[in-house]
Amino acid sequence: MTDGLFPSWMVWALLSAGFAALTAIFAKVGVEGVGSDMATLIRTAVIFLMLIGIVVASGQSLSPSAVSGRTWLFLVLSGLATGASWLCYFRALKLGPASQVAPVDKLSVVLVALFGVLFLGEKLSGPNWLGVVLIAAGVILLAIK
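Take the sequence shown: its position 76, counted from the start at 1, is 131 in the working numbering, and no numbers get skipped.
Straight-line C-alpha distance at most 30 Å; calculated DSSO-like pairs for lysine-lysine:
{"no.": "1", "residue 1": "161", "residue 2": "83"}
{"no.": "2", "residue 1": "149", "residue 2": "200"}
{"no.": "3", "residue 1": "149", "residue 2": "161"}
{"no.": "4", "residue 1": "83", "residue 2": "149"}
{"no.": "5", "residue 1": "200", "residue 2": "161"}
{"no.": "6", "residue 1": "161", "residue 2": "178"}
{"no.": "7", "residue 1": "200", "residue 2": "83"}
Rather than coming from a laboratory, the hints here were simulated on the basis of the structure.
When you get a sec, could you build the whole thing from the sequences and use the hints?
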């Protein structure tokens, strides 16, 4: 499904990239005066409150029983992975320059492509694999001081 020039998922993905870039800059400044774990806690509380507002405003059910056990399992695992990622990201930002930390963090793009192929049975074309290699190379070039 497309909405104009781009598929609707592309618009959301581009917005995500823009907000992720702002996250790195805001977080780098934010961790200067506080421990990285406390910074992660504050960020998580803000996200939690924001999402409650979005769910309530959109009229979605807040009933946990409406969610299947399998969905709960994978969302909890995703939440744990997200929490671990954020803790590591904020620690890295506390210790290093945002211009190098953020690109290394984006190595997740390469890992998602690999995990998608290995665990989800997704297929990547030749140009897709080239993109994965170029992203990995770009991370290396951006991370070198």
